[in-house]
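A.B. asks: Chains as they are written, first to last, in my numbering: chain R, 1 to 338; chain P, 1 to 630.
If you're looking for bench data, these hints aren't it; they were derived computationally from the structure.
Fair warning: there could be bad hints in the mix.
Said to hold, decoys possible - With beta-carbon atoms standing in for the labels, derived distance ranges:
(1) Val334/R with Asp435/P: 21 to 29 Å
(2) Pro188/P with Glu330/R: 35 to 43 Å
(3) Pro188/P with Asp301/R: 17 to 25 Å
(4) Glu327/R with Thr239/P: 21 to 29 Å
(5) His282/P with Ala315/R: 16 to 24 Å
(6) Ala570/P with Asn333/R: 27 to 35 Å
(7) Tyr504/P with Val337/R: 44 to 52 Å
(8) Asn107/R with Glu508/P: 34 to 42 Å
Here the structure is a predicted model, which is why all the values come from computation and not from measurement.
Just so you know, even glycine gets a beta-carbon here, dropped at the ideal spot from N, CA and C.
As a plain string of letters, each chain reads:
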Amino acid sequence: MTTNEIKLTKKDFTSDREVRWCPGCGDYAILATVQSLLADVGARPEKTVFISGIGCSSRFPYYMDTYGFHTIHGRAPTVATGLAITRPDLDIWIVTGDGDGLSIGGNHLMHTLRRNVNLNILLFNNEIYGLTKGQYSPTSPLGSVHKSTPMGSLDRPVNPVSLALGAEATYVARSIDTDRQHLSGVLRGAYEHRGTSFVEIYQNCNIFNDGAFAALREKGQKEHNQIRLVPGEPITFGPEGERAVIAEPDGSMRIVPTEEAGERVVVHDPTRVEPTTAFALSRLAPSPTGPTPIGVFREVDRPVYDDELRKQVAAARERYGEGDLVELLEGGNVWDVL
Amino acid sequence: MSDSSTAERERIQLSSAVVRFAGDSGDGMQLTGDRFTTQTALAGNDLATLPDFPAEIRAPAGTLAGVSSFQLHFSDQDIHTPGDAPDVLVAMNPAALQKHLSALKLGGIVIVNTDAFTERNLQKAGYEESPLDDGTMTDYQLHEVPVTGLTLRALERHIEEGELNKKEAERCKNMLALGLVSWMYSRPIAETEEWLEDKFSSKPEIADANVTALRAGWNYGNTTEAFAFTYEVKAAKLTPGRYRNITGNQAMAYGLIAASVRSGLPLFYGSYPITPASDILHELAKLKHFGAATYQAEDEIAAMGSVIGAAFGGHLAVTASSGPGIALKAEAMGLAMITELPMVVIDVQRGGPSTGLPTKTEQSDLFQLLYGRNGEAPIPVIAASSPADCFHAAIEAARIALTYRTPVALLSDGYLANSAEPWRLPSVDALPALDEAFAFTTEPNQQDGGFAPYLRDEDTLARPWALPGPPGLEHRLGGIEKEEGSGHISYDPANHHAQTEMRYARLERIGAQLPPLEVIDPSGEAEVLVVGWGSTKGPLQAACHDLRARGRKVARVHLRHLAPLHPDLADLLRSYRVVVCPENNMGQLAMLLRAKTLVDVKTHNRVTGQPFASSELVEVIERSGWGEQA
Ligand code: SF4
Numbered sequence: 001m002t003t004n005e006i007k008l009t010k011k012d013f014t015s016d017r018e019v020r021w022c023p024g025c026g027d028y029a030i031l032a033t034v035q036s037l038l039a040d041v042g043a044r045p046e047k048t049v050f051i052s053g054i055g056c057s058s059r060f061p062y063y064m065d066t067y068g069f070h071t072i073h074g075r076a077p078t079v080a081t082g083l084a085i086t087r088p089d090l091d092i093w094i095v096t097g098d099g100d101g102l103s104i105g106g107n108h109l110m111h112t113l114r115r116n117v118n119l120n121i122l123l124f125n126n127e128i129y130g131l132t133k134g135q136y137s138p139t140s141p142l143g144s145v146h147k148s149t150p151m152g153s154l155d156r157p158v159n160p161v162s163l164a165l166g167a168e169a170t171y172v173a174r175s176i177d178t179d180r181q182h183l184s185g186v187l188r189g190a191y192e193h194r195g196t197s198f199v200e201i202y203q204n205c206n207i208f209n210d211g212a213f214a215a216l217r218e219k220g221q222k223e224h225n226q227i228r229l230v231p232g233e234p235i236t237f238g239p240e241g242e243r244a245v246i247a248e249p250d251g252s253m254r255i256v257p258t259e260e261a262g263e264r265v266v267v268h269d270p271t272r273v274e275p276t277t278a279f280a281l282s283r284l285a286p287s288p289t290g291p292t293p294i295g296v297f298r299e300v301d302r303p304v305y306d307d308e309l310r311k312q313v314a315a316a317r318e319r320y321g322e323g324d325l326v327e328l329l330e331g332g333n334v335w336d337v338l
Numbered sequence: 001m002s003d004s005s006t007a008e009r010e011r012i013q014l015s016s017a018v019v020r021f022a023g024d025s026g027d028g029m030q031l032t033g034d035r036f037t038t039q040t041a042l043a044g045n046d047l048a049t050l051p052d053f054p055a056e057i058r059a060p061a062g063t064l065a066g067v068s069s070f071q072l073h074f075s076d077q078d079i080h081t082p083g084d085a086p087d088v089l090v091a092m093n094p095a096a097l098q099k100h101l102s103a104l105k106l107g108g109i110v111i112v113n114t115d116a117f118t119e120r121n122l123q124k125a126g127y128e129e130s131p132l133d134d135g136t137m138t139d140y141q142l143h144e145v146p147v148t149g150l151t152l153r154a155l156e157r158h159i160e161e162g163e164l165n166k167k168e169a170e171r172c173k174n175m176l177a178l179g180l181v182s183w184m185y186s187r188p189i190a191e192t193e194e195w196l197e198d199k200f201s202s203k204p205e206i207a208d209a210n211v212t213a214l215r216a217g218w219n220y221g222n223t224t225e226a227f228a229f230t231y232e233v234k235a236a237k238l239t240p241g242r243y244r245n246i247t248g249n250q251a252m253a254y255g256l257i258a259a260s261v262r263s264g265l266p267l268f269y270g271s272y273p274i275t276p277a278s279d280i281l282h283e284l285a286k287l288k289h290f291g292a293a294t295y296q297a298e299d300e301i302a303a304m305g306s307v308i309g310a311a312f313g314g315h316l317a318v319t320a321s322s323g324p325g326i327a328l329k330a331e332a333m334g335l336a337m338i339t340e341l342p343m344v345v346i347d348v349q350r351g352g353p354s355t356g357l358p359t360k361t362e363q364s365d366l367f368q369l370l371y372g373r374n375g376e377a378p379i380p381v382i383a384a385s386s387p388a389d390c391f392h393a394a395i396e397a398a399r400i401a402l403t404y405r406t407p408v409a410l411l412s413d414g415y416l417a418n419s420a421e422p423w424r425l426p427s428v429d430a431l432p433a434l435d436e437a438f439a440f441t442t443e444p445n446q447q448d449g450g451f452a453p454y455l456r457d458e459d460t461l462a463r464p465w466a467l468p469g470p471p472g473l474e475h476r477l478g479g480i481e482k483e484e485g486s487g488h489i490s491y492d493p494a495n496h497h498a499q500t501e502m503r504y505a506r507l508e509r510i511g512a513q514l515p516p517l518e519v520i521d522p523s524g525e526a527e528v529l530v531v532g533w534g535s536t537k538g539p540l541q542a543a544c545h546d547l548r549a550r551g552r553k554v555a556r557v558h559l560r561h562l563a564p565l566h567p568d569l570a571d572l573l574r575s576y577r578v579v580v581c582p583e584n585n586m587g588q589l590a591m592l593l594r595a596k597t598l599v600d601v602k603t604h605n606r607v608t609g610q611p612f613a614s615s616e617l618v619e620v621i622e623r624s625g626w627g628e629q630a
């Protein structure tokens, strides 16, 4: 029997390395969900590569029994792009965090998204620098008081989903570490999407920033705050669906009681080519402390960078024939000395 | 016009000549030089060129800062340098004359475009009076040629018939100058005519205007009485074979393609535009039919990262940059080193530090490549020594990378990158068979069926090159210190020390497996040794040649490998009374040699953005070897 015929399980994606995150860290839940999901979707460990940068989340590849590459701070997308261009046969996942992906690696993130390289990016957002022991990060709320900002942080946080949409990413989603079912669904979509998939995962750092996402993770709160995006469905939320999202004439969106919304309620359509509506949706929640959309914001088809690059190589071969070294060297003006 | 007057002109046979074209950046001097080079190559001369242009794309017209020049040395002998002092200077404006006249040989020929010697241009060049009238030119053979006016007159019909406007017509003046110099040196212009027709095939009226100007320049020389002589440099007696002209950047690109063909690995070239390395990217982007993927990354770091990914993916992975870009790549190069993946990092050095002199040459990145990474991160460093040698250096870099699984730094520089020389084409079949240098690991290498990614080859100390794909070989690479064998993260102090020693040991293996050093000492009795690396080879070769002609016994060795140094080098250096090492930096190789061999190496250092003149080196070697009496 070849390995292809065996149905794999979560265990087949679990390495023998001891997991070293702090007890209670949200990363554990994400790891377990990813391992199960890969087995479920029929991914092959030998054809899967996890690439990370630096930070707590970036230890991820060591715990996956797949190929892996723990690179340097912020640069995972660069290594992943080189691999994606040369190896179309692989499923490549990037694991990054808010510091790694949005601060030191922000440039690469933007360019990877706009190129639409065939990769899946998982950005674990915990609104803090964990590995360096608790400084504020690019997603920490304004005024955050941490070790490096005893009087409060001064810079406005970035909204990762807005940023990805601004770069016209072709698959943009958000989920929550401990919501296994929701996270699985979003990751499955990322796995199936061709091009760059970007998934922001709210991840609790119980050591340095506990409760940052309580509004969306905790029983009693999450029912009121999770705005679950479902394609084709009107965007309403709350225990009784009592609140709705409407579009204003200026294109922005607002939350109103459902009975007031009427016809104006937004029907979710992630396949809209224009990213404007998805962007407006991403601006609905200034921070994840109140009602916040989760799910797939955008999912569109667009030519994939590495596919196109390989097509150019193929087209050149079609046009000029397989390169011939002697012909190349003699290609200029040559003369013979006897 | 008729050709009859040519016969009356005396033709003087020369062994060699140095011609320098100089003008405003917009005057097309680089193109003129390129064309003259091709014509000269086709005439069978040995040659060497030195293009020199400002960093600004369009520096203010007429100023000294905007002067662009191209020097060509051609000969019926084997030559190694673009020549020290020109015999002929073509100055298209006062600024060009101001900047270059002092370099000219006394008694040399100066052709000036008198139409550009307006009061305003003279002022911009810093002349209070016209140098053509105030006695400045008495030591030279001055030819005052109204190049612009002649061009406009030659193109009168084109202008009248509305085929081009006056400005476009004026732009053909470089072709008129080329035609004139071609006539002077008895160079046929037919090839340039064809080239122009091909280049402007979509604009036949522009092609025709340029050809007309070119011919007008030729005819001007032929018919005016001003030029009493024409010159001829006979074909050089070069080693038999098929030749072409090639610049360093072009040779580098071809060398990478050759390495790809000879290894059977598709080339992946990831880079970010930077002077003077970008032409390698431009060349390779045209060669996709060799299976070469070129990727213009968002920055230098991304280019380096992409190359690491491509090496992990199993391609021949290469990036190139210049000093500032290499500085940005340093952290990722450390990652490449510790993950032991094969790749080539090319540094086309330019004047530094910081932005420095982007279009000028220098050898000052040697230490950056040797030591410019955090921690103990040794990588092999090699250097190319002539434009055509970039081809072979690229193959050697790939050989080391593939054999020993390591990033290899390959040094070129601005001079090599843009200069051209005739190149005897190598036999493709005789190029190193790089497919023998490596094999992808596809099977587990442990008794229990497991895979240890850091288990080493006893001979090369290389670890397995295991690409993602085969089941059972799943492993994780990374920048954290590795445990020997398993490759697992290890913070064990003894392991870290052992790994560091192992990485140096692997470097030494490369040295131990090199062919013997090539020492050039025709007398076999020299007591003075000249050591060089990189682009100083030509000037050092020429200087030693001159010294020997004057009876000095001098030996020369030129280093391809800077890390590791050849294991025989220390003994070699110790066996000479004097060792001298001239460099276009402040003494980097010399310091290394002193440290590694304890030999009192003498230095000569200059960083003016220009290669050494061989006459300067003659003096330096004479003084170092035999005292002040020179
Ligand atoms: S510091 Fe925070 S993010 Fe890092 S492992 Fe601990 S709990 Fe998780």
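A.B. asks: It remains to establish, for every hint, whether it holds in the given structure.
C.D. replies: These are the hints, each one checked on the structure:
no.	hint	result
1	Val334/R with Asp435/P: 21 to 29 Å	28 Å, holds
2	Pro188/P with Glu330/R: 35 to 43 Å	21 Å, violated
3	Pro188/P with Asp301/R: 17 to 25 Å	58 Å, violated
4	Glu327/R with Thr239/P: 21 to 29 Å	23 Å, holds
5	His282/P with Ala315/R: 16 to 24 Å	19 Å, holds
6	Ala570/P with Asn333/R: 27 to 35 Å	45 Å, violated
7	Tyr504/P with Val337/R: 44 to 52 Å	46 Å, holds
8	Asn107/R with Glu508/P: 34 to 42 Å	38 Å, holds
Consistency with the previously given hints fails for numbers 2, 3, 6, ordered from lowest to highest.
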